[in-house]
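Residues per chain are reported as follows:
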Amino acid sequence: MTKQEIIERTNVALAEEFEKEPSLFNPQENLREALELDSLALVDLVALLESEFGYKIKGPEIIEVKTFGDLYEFLLKKQSDEGHLAS
Amino acid sequence: MWIDNYFTINRKSRIENADIYDVELNPDSEIYKGHFPGEPVSPGVCSIGMIVACASRSIGSPLEIHKISRCRFLSAISPQNKPDLQIRIELTDAVLADKKPGKVYQIEASIKHKELVCLSLKGELAERPGEV
Amino acid sequence: MLREEQIKSLIRQREPVILIDTFFKPADPEYYTGLKILPGNIFCREDIFSAEGVIEHMAQSSAAMLGYLAAGRNEQVKTSYIGEIRDFELADNPRTGDFLETIIEILSEVMDIILVKARSHIASRPVASCKMKLAINRNVDRQLFYN
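Chains as they are written, first to last, in this note's numbering: chain A, 1 to 87; chain B, 1 to 132; chain C, 1 to 147.
Nothing false has been slipped in among the hints.
Below are the DSS-like pairs computed for lysine-lysine, each with C-alpha atoms no more than 30 Å apart in a straight line: (1) K117/C with K103/B; (2) K122/B with K117/C; (3) K8/C with K33/B; (4) K25/C with K117/C.
If you anchor each label on the Cβ, the simulated ranges turn out as follows: (5) E19/A with G97/C: 41 to 51 Å; (6) N17/B with E82/A: 48 to 58 Å; (7) E105/C with E39/B: 21 to 31 Å; (8) P126/C with F18/A: 26 to 36 Å; (9) E115/B with S124/C: 40 to 50 Å; (10) R3/C with E39/B: 22 to 32 Å.
Hints are computed from structural coordinates only; laboratory data are not their basis.
Positions of the beta carbon are idealized from the N, C-alpha and C atoms, including for glycine.
Chain A with its partners taken away, still in its complex shape:
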């Protein structure tokens, strides 16, 4: 997947799961604030990303992700480390 494809798929998945307007997402914005995530929602985020992209994501990895931009970079890196898994 290209970076743009990752961005689009991620935004669509996040918008649907957390019921937010994707046009409001921007790379500098803080994920937890934009999606109104609390501690219970973190596990939904991980489950969503794992099922959307097929990568296994660990707690300590996702904690480092602060902004939408961080998330896109994280997924791009997963792809280059682990290869294309999900169709």
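Following the hints, put chains B and C in place on chain A, whose structure we already have.
Positioned in the frame of chain A, the structure of chains B and C alone reads:
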């Protein structure tokens, strides 16, 4: 059944389109013998059961859980220290999507202790066949 | 396979609110529990086992799984708390005499929160399903997860 002596409704009021029930828990409920020995904690499902019982009061006929879209348990509830709890219930008619014999209601409800929200629930209740 | 009295080593609940009587782990990532619905079960109204009972059975099944995992790591079994239930649907109430069987599958796990899917059936008939979040640490609350 356990719900029959689980709690007492002290007051019922109506604010906009919600019924508000001021309730207190019965610390002698046999539920607490097992949940947990030495540390009574109201099980999440019993809190849901209280909401269903109050909703049945609001409608005037027995209701039961049909679906729960989401129920969040935000804070533990214990009968110790006799907390004053407020159960807030909003019911609207739902479209009968799957041929339930009786009526189905959409419910949005919460249980609060003072300003602290302990539980929030969104789902559907259906009329329960048989007597209360 | 663990039965009845042995289940007490996995969960904190005691009579009259124990709602699992069978537990085993067939294969990763699934765990299996069962409950024979006996007359006089506290969640029965006459001979109908209520939705609350089904949910509590699913929650205890998840808690037993966590207890089993903790024991496997030689850790003390901690109490787990249901944080959230999502998409619970009940097709049909179980009745006394039925043997309710449930499969618990871990969907994801982050910090002290575990997301599971629970599917219950009686013989080959699906009865209910839901997703549940369990918190192992009581202090996990609504604070935003980035501190």
